[in-house]
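> Sequence:
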Amino acid sequence: MQIQKSFEKEKDAKLYIVPTPIGNLEDITIRALNTLKEVDAIAAEDTRNTQKLLNHFEMKTPLISYHEHNKQTRGKQLIEKLQSGQSIALVSDAGMPAISDPGQDLVNLAVAHDIDVVVLPGANAALCALIGSGLDTKEFLFYGFLPRKKKEKEAELARLYTLQASMLFYESPYRVKDTLEAMQKVFGHDRQAVLARELTKRFEEYSRGTLQELIDWTSGRELKGEFCIVVSGNDAPAENQQTNAWWQGLTLREHVVQVMEAEGLSSKDAVKHVAVARQLPKREVYQAYHQL
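According to numbering that gives the first Met the number 0, the sequence shown is numbered sequentially starting from 0.
Derived from the structure by calculation, the hints contain no laboratory data.
Where hints are given, some of them may not hold.
[What the hints assert, rightly or not] Below, in silico cross-link-like pairs of lysine to aspartate or glutamate (EDC-like), each with a Cα-Cα straight-line distance of 20 Å or less:
(1) Lys70 with Asp104
(2) Lys70 with Asp100
(3) Lys75 with Glu57
(4) Lys148 with Glu262
(5) Lys184 with Asp234
(6) Lys184 with Glu155
Go ahead and model the full structure; you've got the sequences and the hints to work with.
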């Protein structure tokens with residue numbers, strides 16, 4: 000068990016998680032600016048991008064690149080610097096580090112080496128999108144980026160089909176249309192959803208409607224900017240949720256085969272998956288798959 004008292008020893012080196020603006024530079028906090036000025040170094044996903052931020056606020060703090068492709072070696076180097084007494088701020092290109100971001104690995108390393116991790120509050124696209132969406136905020140799931148391959152994407156959405164909480168996804172403008180079509184296929188035409196684009200920037204935009212309406216709206220349009228897709232949860236009674244499930248119309252054997260292909264599962268694990276989804280005894284699904 001580990002107990003962290005973040006400010007009991009003020010002079011100890013710390014890893015600061017510092018959110019940066021997701022568009023509007025005025026969204027950076029005074030505390031974030033002071034932290035970026037005072038640390039010994041800033042670990043940045045893209046040093047060129049972060050340098051623009053530092054230049055705007057006239058800061059000279061040294062930058063160290065830390066990203067998906069060098070996180071193994073650079074992570075160890077950053078831990079060594081922290082252990083030697085240097086404090087480091089971790090930033091991403093925009094928003095909160097470690098959310099759909101390699102910064103999570105650095106946080107895990109710091110915790111494993113008993114180094115204090117101090118998280119500053121700040122800008123986050125997903126929460127802005129959720130609150131502005133008009134959908135239920137009482138309970139929600141942040142997913143991040145869905146798999147790119149069609150079958151894997153649909154399999155993940157199928158896993159989320161019965162979820163009653165609102166769901167938050169990040170998506171690039173090049174894959175928004177494909178993702179909406181996959182959502183429509185799995186969740187149905189009438190599921191409510193919102194496209195939030197260019198949050199906090201000049202061209203901020205919320206597009207609200209059913210999945211079918213959003214697909215029609217995006218058809219023929221050139222989509223630009225980073226998107227957050229907010230999808231309402233399944234509000235159907237539990238006993239009716241199977242009626243509209245993506246696998247309706249498939250035999251038990253076909254359902255098992257599709258799960259195996261989409262998720263790379265063994266037949267044994269796919270049988271378990273299908274049994275849970277259909278609320279059937281595992282033996283019944285096993286016999287149907289093996290045609291016993």
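> Now, for every hint given, state plainly whether the structure supports it.
Hints, verified against the model:
1. Restraint check for Lys70 and Asp104: the C-alpha separation of about 8 Å stays at or below 20 Å, so the hint holds.
2. Distance hint between Lys70 and Asp100 is fulfilled; the C-alpha atoms sit about 11 Å from each other, no more than 20 Å.
3. Taking the CA atoms of Lys75 and Glu57, the gap is near 29 Å; set against the 20 Å cutoff, the hint is violated.
4. This hinted pair checks out: Lys148 and Glu262 have alpha carbons roughly 11 Å apart, not beyond 20 Å.
5. Distance check on the hinted pair: Lys184 and Asp234 sit about 17 Å apart at the alpha-carbon level, within 20 Å; holds.
6. A hinted pair counts as satisfied when its Cα atoms are at most 20 Å apart, and Lys184 with Glu155 qualifies at roughly 12 Å.
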